[in-house]
Amino acid sequence: MKFLNSKNIRTIIIFVVVGGLLFLALSGYFTPLFNLSVNPLISLQSWLSTRYISARDLLTTPRDMTVLREQNALLESQLTQLQTQLIVMEERLGEAQVCFALLDFGRTNPQYNYTAATVIGREISPFLQYIIIDRGTNHGILYGMPVVTQQGLVGRVDAVIAGAARVKLITDSTSVVNIRLKSAGIEAQLVGSLTGDVSLDMIPLDASIEPGDVVLTSGLGGNFPPNLFVGQVLSVQRHENALFQTASVQPIVDFESVNAVLVVTDFEFVEISPLIPEPGQ
Amino acid sequence: MIYHLTCALSVLIVFILQTTVFSQTRLVSGTADIILLFLAAWSLQESVKNSWFCTFATGLLVSYVSAMPFYAPLIAYLGVVGISKSLQRRVWRSPLLAMILVVLLGTFLQHAIYIVILQITRAPISWLESLDHVILPSALLNLIFSIPIYAVVRDIVKRVSPQEVEV
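For the protein sequence lines, the chains are Z and F, in the order given. Going by our numbering, the first sequence opens with residue 1, and the numbers climb by one from there. Going by our numbering, the second sequence opens with residue 1, and the numbers climb by one from there.
If you're looking for bench data, these hints aren't it; they were derived computationally from the structure. Just so you know, even glycine gets a beta-carbon here, dropped at the ideal spot from N, CA and C. Treat the hints with caution; some may be incorrect.
Reference excerpt, derived from the structure (chain F facing chain Z, CB under 7 Å, subset only) [said to hold, decoys possible]:
| hint | residue |
| --- | --- |
| 1 | 18 |
| 2 | 19 |
| 3 | 30 |
| 4 | 60 |
| 5 | 66 |
| 6 | 112 |
| 7 | 114 |
| 8 | 124 |
| 9 | 125 |
| 10 | 129 |
| 11 | 131 |
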């Protein structure tokens, strides 16, 4: 009975009470009591923490801002450099694409020799459609040589000096190109206009032409080589009492944005105008 | 002499700008002629005494490069400077108004000369079509660019003019 002395009984009671309290706590019976005592502490801690963070930010932000601004300036300068490089690369890519296209045209039309030239200017008068290229007699360019792009016919050399040449476009109002309509198998004349539009003239009335017909040079007259692509028929106009049909043509070359051309250097231009009788003769 | 040198240098710059930039900037089929604007503004400056020589040289240069026949640009520019000189004496109090008038009348005169000469050379150009597609859009573009060109030319002339000293 020594075991049930007062000391041991007190210890057992303490264990039972502590165990009971733990059981009650784990069972959630003390939660309201905990909340009541802990929430003020959490609120106090939150308030203190917020004030501390604000104070710390206030003291450290200027330094961070300076560093960030420096980094931002550095990144912006790097971005500018990269953008400049990108623009230069895009320009080079565009030039390379034009060169590849011209080269491709030369490969697919190997019967002629070509000299590539860059367009450096345009005619001052708005009534005329001419371009100025950076190749002249020093590079073998001569009067009358046909000028093409990878897409099709552009015009022919109208005047030439040592380092440059002036090219009359087929859209010029005084330009006349003898053409052939591929599907209809007929020949006609392609004439330019003041506005830069081109149209077909001298089409026989009995000829059947449709929008979309392909227009090629015929080679007649000796001004241009045959079978150069010129454009496609847009619409056909047939007027009463007219001797011929006319048709609007969509040129294949975009004359507003042509930047590089090929001059056909081994085509022999034939001047037949002295053979054409003047009116009244 | 300094005026001639300045004019020659300016004309070269304006000529290059015209052939490379302004001839490609089209409104319908019309383009601005900043060479005409430069000559008009130059000849309207009071301190520039002899603008005929500059106009003649410019006209020759443009005639040499242009495909227009019979030195048409030379004739047209001389006509424009003629208008400018005659208006300078009448509208001398308001140079901007004079500039606008010279540009308007000069553009019409220039294009009329071009059409007549092209018709002589058998180019199929009609007056009505030219008026709609070329002359009116060109006149509008020339009017738009006339004020800035006048301001630039006046600034150039002021810079090269010798300073007047009061005794």
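Hints, one by one, checked against the model:
Hint status for residue 18 of chain F: holds, given a least beta-carbon distance of 6 Å to chain Z, under 7 Å. At its closest, the beta carbon of residue 19 of chain F sits 4 Å from a beta carbon of chain Z; the interface hint therefore holds under the 7 Å criterion. At its closest, the beta carbon of residue 30 of chain F sits 5 Å from a beta carbon of chain Z; the interface hint therefore holds under the 7 Å criterion. Checking residue 60 of chain F against chain Z: minimum C-beta separation of about 13 Å lies over 7 Å; hint violated.
The restraint placing residue 66 of chain F at the interface with chain Z holds, with a minimum CB-CB distance near 5 Å, inside the 7 Å limit. Nearest Cβ of chain Z to the Cβ of residue 112 of chain F: about 11 Å, over the 7 Å cut. The hint is violated. At its closest, the beta carbon of residue 114 of chain F sits 5 Å from a beta carbon of chain Z; the interface hint therefore holds under the 7 Å criterion. Satisfaction of the interface hint for residue 124 of chain F is found here, the shortest Cβ-Cβ separation to chain Z being roughly 6 Å, below the 7 Å cut-off.
Hint on residue 125 of chain F holds. Least Cβ distance to chain Z is approximately 6 Å, under the 7 Å limit. Residue-level restraint check for residue 129 of chain F holds (minimum Cβ-Cβ distance to chain Z is 6 Å; threshold 7 Å). Because the smallest distance between the Cβ of residue 131 of chain F and any Cβ of chain Z comes to about 11 Å, over 7 Å, the interface hint for this residue is violated.
The structure does not agree with the numbered hints 4, 6, 11 stated previously, though it agrees with the rest.
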